[in-house]
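One line per chain: the protein sequences are R, U, F and G, in this order. Mapping the first sequence onto my numbering, position 14 (from 1) lands on 14, and the numbers just tick up by one. Mapping the second sequence onto my numbering, position 169 (from 1) lands on 169, and the numbers just tick up by one. Mapping the third sequence onto my numbering, position 3 (from 1) lands on 3, and the numbers just tick up by one. Mapping the fourth sequence onto my numbering, position 230 (from 1) lands on 230, and the numbers just tick up by one.
Incorrect hints may have been included.
[What the hints assert, rightly or not] Straight-line distance between alpha carbons at most 25 Å, and here's what the computed DMTMM-like set of lysine to aspartate or glutamate pairs gives: (1) K204(F) x E173(U); (2) K202(G) x E173(R); (3) K205(G) x E194(R); (4) K53(F) x E6(F); (5) K203(F) x E289(G); (6) K202(F) x E173(U); (7) K57(F) x E210(U); (8) K53(G) x E296(G); (9) K143(F) x D171(G); (10) K57(F) x E228(U); (11) K203(G) x E63(F); (12) K204(G) x E6(F); (13) K204(F) x E289(G); (14) K53(G) x E228(R); (15) K116(R) x D24(R); (16) K203(F) x E63(F); (17) K216(U) x E32(F); (18) K203(G) x D132(R); (19) K26(R) x E30(G); (20) K203(G) x E51(F); (21) K205(G) x D120(F); (22) K220(U) x E51(F); (23) K39(G) x E280(G); (24) K216(R) x E30(G); (25) K65(R) x D247(G); (26) K202(G) x D24(R); (27) K91(U) x D77(U); (28) K203(F) x E277(G); (29) K216(U) x E277(F); (30) K203(G) x D209(F); (31) K220(U) x E106(F); (32) K65(U) x E63(F); (33) K39(F) x E63(F); (34) K205(F) x E228(U); (35) K202(G) x D156(F); (36) K57(F) x E173(U); (37) K205(F) x D247(G); (38) K104(G) x E51(F); (39) K16(R) x D78(R); (40) K203(F) x E296(G).
Honestly, the hints are just simulated from the structure, not real lab data. These numbers were taken from a predicted model, which means no experiment stands behind them.
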Amino acid sequence: MAVILTNTSVSPGIFKMTVEFTGDVKPGQFFMLRAWDKDPLLSRPISVHDYTPGKLTFLYQVVGKGTEILARLQTGDDVTIQGPYGNGFPKITEDLCVVGGGIGTAPLYYLVRNYKAENPTGKCRVYLGFRDTPYGVEAFEALADEVVLDVGGIITHKLSVTPDETVVTCGPEIMMESVAKTVSAENTVYVSLEAHMACGIGACLGCTCETKSGNKKVCKDGPVFLREEVFYV
Amino acid sequence: MAVILTNTSVSPGIFKMTVEFTGDVKPGQFFMLRAWDKDPLLSRPISVHDYTPGKLTFLYQVVGKGTEILARLQTGDDVTIQGPYGNGFPKITEDLCVVGGGIGTAPLYYLVRNYKAENPTGKCRVYLGFRDTPYGVEAFEALADEVVLDVGGIITHKLSVTPDETVVTCGPEIMMESVAKTVSAENTVYVSLEAHMACGIGACLGCTCETKSGNKKVCKDGPVFLREEVFYV
Amino acid sequence: MSKCLETKFNDILFKNPVIPASGTFGFGREYEAFYDLAKLGGLCSKGLTLEPKPGNKGMRLWETPAGLMNSIGLENPGIDAFIKTEWPHLKAIDTVTVINVGGKDEESYLTAIEKLNAIDAQLIELNISCPNVKAGGMAYGMKAETAGDITKKVVDISRHPIMVKLSPNGDSIADIALACEAAGAQGISLINTLQGMAIDYKKKKVVFDNLYAGLSGPAVKPIALRMTHQVCQTVKIPVMAMGGISDWQDALEFIMAGATCIQIGTINFNNPMAPIEIIEGLEAYCINEGLANIGEVRGIV
Amino acid sequence: MSKCLETKFNDILFKNPVIPASGTFGFGREYEAFYDLAKLGGLCSKGLTLEPKPGNKGMRLWETPAGLMNSIGLENPGIDAFIKTEWPHLKAIDTVTVINVGGKDEESYLTAIEKLNAIDAQLIELNISCPNVKAGGMAYGMKAETAGDITKKVVDISRHPIMVKLSPNGDSIADIALACEAAGAQGISLINTLQGMAIDYKKKKVVFDNLYAGLSGPAVKPIALRMTHQVCQTVKIPVMAMGGISDWQDALEFIMAGATCIQIGTINFNNPMAPIEIIEGLEAYCINEGLANIGEVRGIV
Ligand SMILES: Cc1cc2nc3c(=O)[nH]c(=O)nc-3n(C[C@H](O)[C@H](O)[C@H](O)COP(=O)(O)OP(=O)(O)OC[C@H]3O[C@@H](n4cnc5c(N)ncnc54)[C@H](O)[C@@H]3O)c2cc1C
Ligand SMILES: Cc1cc2nc3c(=O)[nH]c(=O)nc-3n(C[C@H](O)[C@H](O)[C@H](O)COP(=O)(O)OP(=O)(O)OC[C@H]3O[C@@H](n4cnc5c(N)ncnc54)[C@H](O)[C@@H]3O)c2cc1C
Ligand SMILES: Cc1cc2nc3c(=O)[nH]c(=O)nc-3n(C[C@H](O)[C@H](O)[C@H](O)COP(=O)(O)O)c2cc1C
Ligand SMILES: Cc1cc2nc3c(=O)[nH]c(=O)nc-3n(C[C@H](O)[C@H](O)[C@H](O)COP(=O)(O)O)c2cc1C
Ligand code: FES
Ligand code: FES
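Can you build the whole structure from these sequences, using the hints too?
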C-alpha cells in the first residue's frame with residue numbers, strides 16, 4: 001500500500017501519479033499496481049517515471065479498465081504497489097541517445113535524469129515521437145542536451161546516432177524494431193519490452209519472450225534487453 | 001445515475017445516503033443500487049428511508065462487498081439507482097403501530113412520517129429493537145406519539161397492541177414472525193420481507209416467497225405482505 | 001435503423017441478432033418500462049413446461065465472482081396458461097419470439113410441443129439442459145445419444161423449427177450438437193448454465209436445496225466462447241450463442257466465433273439496457289468498419 | 001503455530017492444508033521474498049516433463065472477468081535439470097514438496113516417474129489434465145478408461161505415492177476419479193483449468209496460438225467446488241482441491257465439501273500473501289469455532 005500524493009491528468013488520457021515510497025529504485029524498473037479487488041483480476045505493470053526517496057512517480061496512459069480505475073484515484077487514496085521489479089537499465093557511461101514513442105517515454109525520463117546525475121559531462125540526446133498531442137517534452141528539454149520531437153510522423157526517419165552513443169528505446173514494438181534495425185551494429189542498443197503479466201516476479205512464465213539464448217521472462221530477466229537478444233537484426 | 005448529496009456514518013456500520021431524485025416514491029418501496037461494474041455483479045436492494053421531492057434518503061448497514069463500496073462514496077459521486085420498485089405499504093387510516101428491528105427500521109421512518117402527514121389526528125406508536133447501539137431513535141421520537149426502545153432484548157416481549165391499530169413490522173425474520181404470531185388475529189399486520197434479488201423487477205423469479213396464494217415475488221408483489229399470506233399463524 | 005444487423009437464422013429474419021435469453025427476461029413485460037421491445041432482434045420466453053411448475057424451494061440466487069448461480073427450477077405457468085395469458089401480448093410485439101420448452105420426460109416434451117403447434121410461433125428452443133430440475137431437463141442433454149433421440153421425436157411432431165439448447169455439463173458438446181443436427185434440429189443454442197455449487201460456511205450448509213445450481217454471467221464467457229466455436233466448427237445449422245455476454249464487444253466475439261445470433265442473459269439484471277446498448281454497439285461497429293452486414297465477420301476466426 | 005491445521009493426507013503430515021498450486025508458484029524461489037516458505041503446508045512444483053519444454057509461443061496470458069486464461073504450455077527445464085538445480089533447494093525447505101509431472105505419451109510419463117524414484121519426494125501429482133499442450137496431457141484425462149490406464153502404469157513403477165490431477169473438461173469427473181482410485185492412485189487433485197477461448201475482436205483473431213487455453217481464478221470457483229464435492233462423495237482416497245480459492249472462506253468451503261488439502265493458484269498473482277492469509281484465516285476460524293482441528297468440519301455438507 002502506498003499513499004497517493006498527486007494524481008493528475010497531464011495531457012488527454014495521460015496521467016501522472018506520485019506516491020510515497022522509499023527504497024532502491026533503478027531506472028527501467030517497474031511496479032505492479034492495483035487499486036481494486038477482483039475486477040480486473042490482475043495488477044498492472046507500470047514503469048518508474050521518476051523517483052527520489054519518498055516520492056515515486058508513474059506516467060501512464062488510460063487504455064482500459066485498470067488504468068481507468070487508477071486515473072480516478074485522488075490525493076490521499078491508497079494504491080497497492082509491488083516492486084520495484086525487473087532488471088532496469090544497466091549503468092551507462094557512454095553518451096546516451098534515447099528514443100521514446102508515446103507512453104514509452106515514461107521510463108526514459110528517470111533514465112535521463114539519473115544518467116545526467118551520474119555522468120555530469122556525458123552527452124544525452126533525446127528523440128520523442130507522438131501520434132498526436134505530445135507530453136513531457138519540456139521535462140526532457142530541461143535535462144537533455146538535445147531534444148528532437150516528432151508528432152504524427154515516424155521518429156526513426158529523423159534518427160541519426162553517433163558512434164559513441166549507447167541507444168535506449170522504449171515505445172511501440174514496431175518503433176523499437178525499427179530503431180534496432182536502423183542503428184549501426186557498432187552501437188549498443190537496449191530495448192524495453194512489454195508483455196502481458198500475471199505475477200510480475202518470474203513465477204507464472206506468462207510474460208516469456210523468445211531470445212537468442214532461449215526463453216526469457218520480461219518481468220524478471222527484462223524488461224530491458226540488448227537488441228541482439230530479441231531482435232534478429 | 002443519481003448524484004450523492006451526502007453519505008455519512010450515523011452509527012458504527014450504519015450509513016445514511018441522500019441522493020438527488022424526483023418522482024413518485026411510496027413508503028416501503030425500494031431501489032436497486034450499484035456503484036460498481038462487475039464486482040459484485042448484482043445491484044443491491046435498499047429501502048427508501050425518507051423522501052421529499054429532489055431528496056431521496058437511504059439508511060443502510062455495511063454487511064458485505066456491495067454496502068462497503070456504497071459506504072465509501074462521497075458527496076458529488078454518482079450512484080446508479082433503479083426504482084422505485086415494489087408495492088410499498090398500503091394506505092393506512094387506522095392507528096399505526098410499527099415494530100422495527102435493527103436496520104429493518106430503515107423503511108419505517110418514511111412510513112411514519114407519511115402516515116402522520118396523511119393522518120394528522122391518527123395515533124402512531126413505534127417499537128424499536130436493536131442488538132447493541134441504537135440509531136435513528138430521536139427521528140422517530142420527533143414524529144411518533146410513543147417510542148418504545150429495546151436494546152439487547154426481545155422487542156416483542158414489550159409489545160402490546162390495541163384493537164384499533166394496524167401493525168407494520170420490518171426486521172429480522174425471526175422478529176417479524178414473532179410479531180405475526182403475537183399480535184391478535186383481529187389486527188391487520190403487514191410485514192416487509194427480504195430476499196436475494198437479481199433483477200428487482202419481477203423478471204428472474206429469484207426472489208420468490210411462498211404464500212397462501214402461491215408463489216409471490218418479493219420484488220414486485222412485495223416486499224410488503226399481509227401477515228396471513230406469508231406467516232401461517 | 002439500418003439493415004446492417006439484419007440476420008437470417010435459416011429463413012427466419014431477425015432485425016438484429018440480439019435476443020434476451022430464456023429465464024432472464026420473464027415474458028418481456030417487465031422490460032417494457034425500459035425500452036420498446038420491438039427494438040430487439042427477438043426475445044426468448046421463460047422456460048415453459050407442460051404443467052405449471054412452482055419451481056424450487058429455498059434460496060434461488062447466489063452471487064459469485066463475476067457470476068450468478070440460480071436455482072429457479074423452471075417456475076412457470078405451464079403451456080396452456082402461457083398460450084392464454086402471455087402469447088397474445090408477445091405475438092403483438094414486432095419481433096421474433098422464441099419459445100423455450102423444458103420437460104421432465106418424453107411425454108411431457110411431446111405434449112408440450114403438440115400444444116404449441118396450435119400457435120403461430122416462429123422458433124422453439126428445446127431446453128434439454130436445465131441443471132436445476134431433478135427429473136428430466138439436463139438428463140437428456142448430457143449425452144449425444146439421448147439428446148439426438150429426444151430431438152428426433154420432437155422434430156417429428158413439431159410444425160415449428162426446433163433449436164436445441166445444449167448443456168455445457170455433459171459429454172463433448174460438439175458431439176451432442178452433431179447428434180441433434182442429425183436428428184433434424186434446425187438450430188443449436190448454447191450454453192445453458194454450468195453446474196456449480198455454493199456453500200454457506202457460516203451456516204455450514206449448502207446454499208441450494210437442490211444441492212447444485214446453474215452458473216451464468218461474465219465469469220463463464222471464455223468457456224461459452226470455446227464451446228460456441230467448437231459447435232460452429234462442427235455443425236452446418238445456425239447457432240444462437242450465449243454465456244456471459246455483457247457488451248457489444250463480447251457479442252461480436254461470439255459472432256466472430258461463428259454464432260448467427262446471440263442471447264443476452266444475466267447481464268440484463270446488472271444493466272437492463274444491455275440488449276439495446278449491444279445492438280447500438282454492433283451497429284456502430286458495422287458503420288465504423290464499413291460492413292454492409294454484420295455477417296461479414298461471422299466465423300472469421 | 002497451533003496444531004489445529006495439521007492435516008494428514010494418507011500418511012503424509014502437512015502442517016496445514018494450504019499448498020500453492022502447480023504453475024502459479026514457480027519452484028517457490030520468487031515467493032521467498034514475501035514470506036518463509038516453511039509456513040506453507042506444502043508447495044507444488046511447476047509441471048515437469050521428461051524433456052525440457054519451451055512452452056507455447058504467442059500470447060500466454062489473457063484476463064477475463066474474475067478469471068485468467070493461460071497458455072503457458074508446460075514450459076519447464078525437464079526432470080533432470082529440476083533434480084539438479086531445483087530439488088536441493090526445495091528439499092531443504094521444511095514443508096512438503098509436491099512434484100507435478102506432465103507427459104506427452106506413456107513412455108514420457110513413465111520415464112519421468114522412474115527418474116523421480118531417485119529422489120526422496122513425498123508426493124507426486126500426476127498431471128493428466130493440462131489443456132495447453134496438444135500431444136498428451138489432457139488427452140489422458142478426458143475419459144475414465146485412459147485416466148485409469150495411465151494411472152495404473154505410473155503407480156506400478158513409482159516408489160512415491162501418486163495423486164492424479166483431474167481435468168474439468170472431460171467426462172463425468174466422479175467417474176474419472178473412481179477409475180484412478182481403482183487403478184491405485186493414492187489421492188486425487190482437482191481441478192486443472194477449464195478450457196476456454198479468447199478472441200481479440202480488434203485484430204479479428206484468436207488470442208492464443210494454441211486456439212484454446214485454460215481458465216482459472218475466482219470465476220471458476222463454483223464449478224470447482226461442485227466437482228470437489230462430487231469427487232469427495234465418490235472416492236475414499238483423499239482429495240486436494242483447488243479452483244478459484246481466493247481467501248480462507250473459499251478454502252473452508254472446499255474443506256466442508258470434503259477436501260483434505262487445498263491448493264492456491266491464480267490468486268497468488270493478485271495477492272502474493274494469499275496462502276499465508278488463508279492459513280491465518282483458517283487458524284482463526286478454528287479458534288473462534290472451538291475446533292481442535294480443522295478436520296472437524298471436513299465434509300460436513
Ligand atoms: C514492464 C512494463 C512497463 C509498463 N510501463 C507503463 C508505463 O509506464 N505507463 C503506461 O501507461 N503503461 C505502461 N505499461 C503498459 C501497461 O501495463 C498497460 O497499458 C496496462 O496494463 C493496461 O491495463 P488496462 O487495464 O488499462 O487495459 P486493458 O487492455 O483492459 O488490460 C487488459 C489486460 O491486458 C494487459 N495489457 C494491456 N496492455 C498491455 C501492455 N501494453 N503491456 C502489458 N500488458 C498489457 C493488462 O495488464 C491486463 O492484464 C507497461 C507494461 C509493462 C509490461
Ligand atoms: C426489499 C429490500 C429492502 C432492503 N432495504 C435495506 C435497507 O434499507 N437498508 C439495508 O441496510 N439493507 C436493506 N436490505 C438488505 C440489503 O439489500 C443487503 O444488506 C445488501 O444487499 C447486502 O449487500 P452486500 O454486498 O453488502 O452483502 P453481501 O452479503 O456480500 O451480499 C451478497 C449477496 O447477497 C445478497 N444479500 C445479502 N444480504 C441480503 C439481504 N439481507 N437481503 C437481500 N439480499 C441480501 C446481496 O444482494 C448480494 O447479492 C434490503 C433488502 C431487500 C430485499
Ligand atoms: C435466473 C435465470 C433463469 C434461467 N432460466 C432459464 C430457463 O428457464 N430456460 C433456459 O433454457 N435457460 C434458462 N437460463 C439460462 C440462460 O438462458 C442462459 O443460457 C445462461 O444464463 C447463460 O447466459 P448468460 O451468462 O448470458 O446469463 C436461466 C438463467 C438465469 C440466470
Ligand atoms: C499460469 C498458470 C500455469 C499453470 N501451470 C500448471 C502446471 O504446470 N501443471 C498443472 O498441473 N497445473 C497448472 N496450472 C493449473 C493450476 O495448478 C490450477 O489447477 C488452476 O489454475 C486452478 O486453480 P486456481 O483457480 O486457484 O488458479 C496452471 C495455472 C496457471 C494459472
Ligand atoms: S509475469 Fe509471471 S513470469 Fe513474468
Ligand atoms: S428479483 Fe428478479 S423476480 Fe424478484
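Please work out if K202(G) and D24(R) have their alpha carbons no farther apart than 25 Å. The hint is violated at about 39 Å.
Does D78(R) lie within 25 Å of K16(R) when you go C-alpha to C-alpha? Between K16(R) and D78(R) the Cα gap is close to 15 Å, so the pair holds against 25 Å.
Would the pair K202(G) and E173(R) pass a check requiring their Cα atoms to be no farther apart than 25 Å? 17 Å, holds
Does K220(U) pair with E51(F) here, judged by a C-alpha cut-off of 25 Å? 24 Å, holds
Please verify whether K53(F) and E6(F) have alpha carbons no more than 25 Å apart. 36 Å, violated
Decide if the proposed pair is consistent with the structure: K205(F) and D247(G), CA atoms, cutoff 25 Å inclusive. 18 Å, holds
Given the hint that K26(R) pairs with E30(G), does the C-alpha gap stay at or below 25 Å? With Cα atoms ~19 Å apart, K26(R) and E30(G) stay inside 25 Å; holds.
Going straight from one Cα to the other, do K57(F) and E173(U) come out at no more than 25 Å? Roughly 17 Å between the alpha carbons, so the hint for K57(F) and E173(U) holds.
Given the proposed pairing of K104(G) with E51(F), does the C-alpha separation stay at or below 25 Å? 52 Å, violated
Given the hinted pair K53(G) and E296(G), is their Cα-Cα distance within 25 Å? Outside the cut-off at roughly 43 Å; violated.
With the threshold set at 25 Å, check whether the alpha-carbon distance from K216(R) to E30(G) stays at or below it. 15 Å, holds
Just to be careful, I want the Cα atoms of K39(G) and E280(G) compared with a cutoff of 25 Å; is the pair within it? Distance of about 10 Å is within 25 Å: holds.
Violated hints for the displayed structure, listed by number in ascending order: 4, 8, 11, 20, 21, 26, 27, 29, 30, 31, 33, 34, 35, 38.
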